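**Q** Fit chain B to the given chain A structure using the hints.
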Amino acid sequence: MTPATKDEVRDAFRRGIAVAIAAAPFAVLFGAVAVDNGLTIAETALMSATLYAGASQLVGVELFNHNVAPWLVVLSIFAVNFRHVLYSAAIAAHIRHLTFWQKATSLFLLTDPQFAETERRADAGIRVSYVWSMVLGLSVYVPWLCLTIVGGFLGNLIGDPKAIGIDVLLPIYFMGLVLGFRSRANWLPVVLASGAGSILAMHFVGSPWHVSLGALAGVVVAALMPLDGKESEVAIGKTAEGEA
Amino acid sequence: MDTMFHLQTLLIIAAGAIATYLTRVGGYIFITRMKRIPPRAEAALNAVPAAVLTTLVAPAAVTGGLDVSLTMAVAFFAGLRVSLLPMLGIGWIVVMTLRHLIG
Numbered sequence: 001m002t003p004a005t006k007d008e009v010r011d012a013f014r015r016g017i018a019v020a021i022a023a024a025p026f027a028v029l030f031g032a033v034a035v036d037n038g039l040t041i042a043e044t045a046l047m048s049a050t051l052y053a054g055a056s057q058l059v060g061v062e063l064f065n066h067n068v069a070p071w072l073v074v075l076s077i078f079a080v081n082f083r084h085v086l087y088s089a090a091i092a093a094h095i096r097h098l099t100f101w102q103k104a105t106s107l108f109l110l111t112d113p114q115f116a117e118t119e120r121r122a123d124a125g126i127r128v129s130y131v132w133s134m135v136l137g138l139s140v141y142v143p144w145l146c147l148t149i150v151g152g153f154l155g156n157l158i159g160d161p162k163a164i165g166i167d168v169l170l171p172i173y174f175m176g177l178v179l180g181f182r183s184r185a186n187w188l189p190v191v192l193a194s195g196a197g198s199i200l201a202m203h204f205v206g207s208p209w210h211v212s213l214g215a216l217a218g219v220v221v222a223a224l225m226p227l228d229g230k231e232s233e234v235a236i237g238k239t240a241e242g243e244a
Numbered sequence: 001m002d003t004m005f006h007l008q009t010l011l012i013i014a015a016g017a018i019a020t021y022l023t024r025v026g027g028y029i030f031i032t033r034m035k036r037i038p039p040r041a042e043a044a045l046n047a048v049p050a051a052v053l054t055t056l057v058a059p060a061a062v063t064g065g066l067d068v069s070l071t072m073a074v075a076f077f078a079g080l081r082v083s084l085l086p087m088l089g090i091g092w093i094v095v096m097t098l099r100h101l102i103g
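Those protein sequence lines, which keep their order, are chains A and B.
With the numbering used here, letter number 201 in the first sequence gets 201, and the count goes up by one each step, no holes.
With the numbering used here, letter number 43 in the second sequence gets 43, and the count goes up by one each step, no holes.
To be clear, the hints were calculated from the coordinates, so they are not data collected in a lab.
The structure displayed is predicted, hence computed values, not measured ones.
Treat the hints with care, as some may be off.
What the hints assert, rightly or not - Straight line, CA to CA, 25 angstroms or less: simulated SDA-like cross-link-like pairs of lysine to any residue:
1. A:K103 with B:Y21
2. A:K103 with B:R33
3. A:K6 with A:P143
4. A:K162 with B:S83
5. A:K162 with A:N67
6. A:K6 with A:K162
The following block holds chain A by itself, in its conformation from the complex (with noise of 0.2 angstroms):
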């Protein structure tokens, strides 16, 4: 390795490590979550290893537990997963000189704190490379593999949820995630749209339409919104804020 390798060697591995230590309960929480709602410790794994979205991830364990049809849990894994599109567009200049399997594979580790570390690297500057993108993404990726299986080894222990409290600590989670976007464009009418449209949803419909009811109702006020003519700015620039 060159001097220049293991400096961005190291400089990736430190700010993983960071991230894969904030994101450790959450894992835990998962793999806890996930076997209480019925998957199997092998299934848990898998679903971390392959989909690799903390809140979505969650989401999906969640509406396993309702017998929710198959299409609709994938749809709101989608759903909820769809800011990547975002993310992957505004790091599009800066992972162009990549190979095609480069970014192919470095895309595969693209999450919240992947992006915002993407662009501070590149606002700094320097050079995105292949090495710094994998040991950054792998160093999460590893320990939320592992820590997830250790919370649903945990999960088998926990019997009921409601008498330790950790049943709040899912909407808790939700809410701090949509309190972290309040800086962007229509948050408030945004947010206040989704609220009463997934409680009527959750009324009149029932679970778990709640929830594409409800943000539909928060989209579409979106997109009916005055535009204040900064709406680019504002997509690339504030997303990483306060994601877990």
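**A** Quick look at chain B alone, frame taken from chain A:
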């Protein structure tokens, strides 16, 4: 645990993984072919995370019982000041205290 995998669960995970990967490469493929996203479409896309995630919070906060509603209210105000992990800690302490007091 009788089996390690169930077919339907396996198919959902596989489809979810493919859908997720498509979102991760989709933006790159789209933007390197397109010149400009229509502003209203971009505004709608920009609202997707908050819109989707809110639907997972609001009904739970309203229909989960008094202990959950109060906890969510406290966690909301905590979330305006602190980051995710302390917010979770505060919420957990509040709900455990409420359940201990109420029964």
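**Q** A separate judgement is required for each hint: does it hold in the structure or not?
**A** Results of checking the hints against the structure:
no.	hint	verdict
1	A:K103 with B:Y21	12 angstroms, holds
2	A:K103 with B:R33	16 angstroms, holds
3	A:K6 with A:P143	22 angstroms, holds
4	A:K162 with B:S83	24 angstroms, holds
5	A:K162 with A:N67	20 angstroms, holds
6	A:K6 with A:K162	48 angstroms, violated
The structure does not agree with numbered hint 6 stated previously, though it agrees with all others.
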